[in-house]
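> Next come the chains, spelled out residue by residue.
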Amino acid sequence: MNPANTHSHPAENGKPACSSGPLPAKLREQIIALLPRYPNKQAVTLPALHLVQDELRRVPLWAIREIAGILDLSPAEVHDTMSFYGFFRTDENPLGKTRLWVCRSLACQLRGGDELLAEFCDKLGVAPTQTTADGKITLEFAECIGACEGAPAVMVDDTHRHSLDKPEKVDALIKELRAR
Amino acid sequence: MGYEPVLLARVGKRDSLSLEGYRRDGGYTTLARVLKEMTGEQVTDQVKNSGLRGRGGAGFPTGLKWTFLPKGHPGPIYLCVNVDESEPCTFNNRVLVEQDPHQVLEGIILACYAFKATTAYFYIRYEYGTGMRNMQKAINEAYAAGLLGKNILGSSYSLDVFVHRGAGAYICGEETGLIESLEGKRAWPRIKPPFPAIEGAFRKPTIVNNPETLANVVHIMKNGIDWFKSIGVPPDPKNPRDMGSYGPKLYCISGHVNKPGLVELPLGVTVRELVDKHAGGVWKGKKAKGCIPGGNSMGLMTEKEFDTPMDFNGPGRVGCLGLGTGAVTVFDEDTSIVDVLHNLCRFFQHESCGQCTPCREGTGWMFKIMDRLKAGRGRKEDLAVLEEVADKIGIMPGTTICGLADGAGWPVKTAIRKYRAEFEQYLRSGQASKAKALPLAAAH
Chain A
1 MNPANTHSHP
11 AENGKPACSS
21 GPLPAKLREQ
31 IIALLPRYPN
41 KQAVTLPALH
51 LVQDELRRVP
61 LWAIREIAGI
71 LDLSPAEVHD
81 TMSFYGFFRT
91 DENPLGKTRL
101 WVCRSLACQL
111 RGGDELLAEF
121 CDKLGVAPTQ
131 TTADGKITLE
141 FAECIGACEG
151 APAVMVDDTH
161 RHSLDKPEKV
171 DALIKELRAR
Chain B
1 MGYEPVLLAR
11 VGKRDSLSLE
21 GYRRDGGYTT
31 LARVLKEMTG
41 EQVTDQVKNS
51 GLRGRGGAGF
61 PTGLKWTFLP
71 KGHPGPIYLC
81 VNVDESEPCT
91 FNNRVLVEQD
101 PHQVLEGIIL
111 ACYAFKATTA
121 YFYIRYEYGT
131 GMRNMQKAIN
141 EAYAAGLLGK
151 NILGSSYSLD
161 VFVHRGAGAY
171 ICGEETGLIE
181 SLEGKRAWPR
191 IKPPFPAIEG
201 AFRKPTIVNN
211 PETLANVVHI
221 MKNGIDWFKS
231 IGVPPDPKNP
241 RDMGSYGPKL
251 YCISGHVNKP
261 GLVELPLGVT
271 VRELVDKHAG
281 GVWKGKKAKG
291 CIPGGNSMGL
301 MTEKEFDTPM
311 DFNGPGRVGC
321 LGLGTGAVTV
331 FDEDTSIVDV
341 LHNLCRFFQH
351 ESCGQCTPCR
361 EGTGWMFKIM
371 DRLKAGRGRK
381 EDLAVLEEVA
391 DKIGIMPGTT
401 ICGLADGAGW
411 PVKTAIRKYR
421 AEFEQYLRSG
431 QASKAKALPL
441 AAAH
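From first to last, the protein sequence lines stand for chains A and B.
Just so we're aligned, residue 1 is where the first sequence starts under my numbering, counting upward by one.
Just so we're aligned, residue 1 is where the second sequence starts under my numbering, counting upward by one.
Calculated directly from the structure, the hints in this document are not laboratory data.
Nothing here was measured: the structure is a model prediction, and the numbers come from that model.
Treat each hint with caution, since some may be false.
[As the list claims (entries may be wrong)] With the C-beta cut set under 7 Å, the calculated list includes, among others, these residues of chain B facing chain A: (1) K185; (2) F331; (3) D334.
All residues carry an ideal CB built from backbone N, CA and C; glycine is no exception.
Next comes chain A alone, as it looks inside the complex (with noise of 0.2 Å):
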């Protein structure tokens, strides 16, 4: 582990995001005011995870550390929970503006579902996980995301798109996902 890490997270304008902690003091009253929902502190690790990786676009481990610290846990514990949802990004692997992800199971399948996640890998120039060159889109497969009646479909970030089936369609959301 290396605590001075250095690291930085390749935002816009070359500049780094959040590069070494502390979190910012408004994510650190976010996740402290969760707390009370809970009659224990370590139910609040998937929302602060979750809060940690909306802001930053990954969680870092100093992040880890400090998310450990106000929960009274160990990071170890933290970084337990955090590594069976593979859902959350490290340093290594930051997110990129916008996460599209590709639906691959069995209803999207049957109507396209392979072709749009190819189609998508031609026209983004990346294979599933990572993240096109400017920074804006990452592109994932996801398992059944619940809008079957429209498929095949997509997610950006955590809002459906249906009906994903002419290549006019997949044009116009790479460009309204670059401009952002």
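Chain A is already provided as a structure; the job is to place chain B on it using the hints.
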């Protein structure tokens, strides 16, 4: 048919999200009446006698589950609303929560009143961001209007409801996996017993209920037992253990149909009727080869079996695991069964939590074999190995802690048994599946 939807009655209508809109449609009058005129025990009795069975997949009698809580427990008692809904092809809870959140919320409050829960955690999968935001707004409105918090509507009953987001893990739909995740740990399911009603979240008595189940509670309390039992299928008089299939069900229809969507019908509608009458029939003028009824875990059903009623007994009679979520995904006559099974095996391999060796290794090996089969490199002993693994992993063979493994094995068993000729064709000919290998997208 003449059935008037109640669960989906407000979905798609103007103002379906707001408290004001819900009240205008008569919402929360049932809660007000129940709080004034009934005890929690009476509510539990009514739900129990209605014959409502859980809509999450297992079909356990809801009211009966509530009675498993220890009597006179000093509390706290918890409700976990299971909005993890990750069974592939299933999206009915998403629609309910996204488009009529107050209906679900009224069901939550009624249920919590029934068994004296002090706090309800609304565990919603991360992918349902819109549903989460709509429900959070509904909760905020409810607090402001005295429908949540201390002394609801002036009664002596108090309740808090908190939203808790998941992080993309199918196993969090398993009730003890959900509880472990809620507690901030790896979502590794627990050995049962003890069941959550005895020792659940934070080691306290906990009920885990599905949103569609809770929405039904509102209508059972509003319209009564006789109304609920007039819908669906009564128990088979020849089978004393049959608890019947009462009430409405939300059926998700997807795949190779002209009109994928969500429909509300009495339990017991057949697959054929769902496909032909409610989803516009099989697409492109084709014939169906089969379907997945009830989500991935229930196995496969051939087209010849489409007259099976989708109630709690029907799918079992044709070798499926059960009703599951009731979601029907149709695949047409040109679909490769190898592609379908490969997709399902990949899903279970990915989502196995890894805790139990038979599941972790078994789902891994089933997927590896399907990968080779799909690429045209199947071996003649593959089918026997697949069947052996599928038979040996799960709660039913007694080798795993939870039912994910049973769900992983069921599609393998049913696909090979019902479509053996097609698998053997692949093995004999060394053909690869028709789906092209896709460049760059091969990272599994």
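> A separate judgement is required for each hint: does it hold in the structure or not?
Structure-based check of each hint:
1. K185: holds (6 Å)
2. F331: Since the shortest Cβ distance to chain A is 6 Å, the answer is holds.
3. D334: Violated. Min distance 11 Å.
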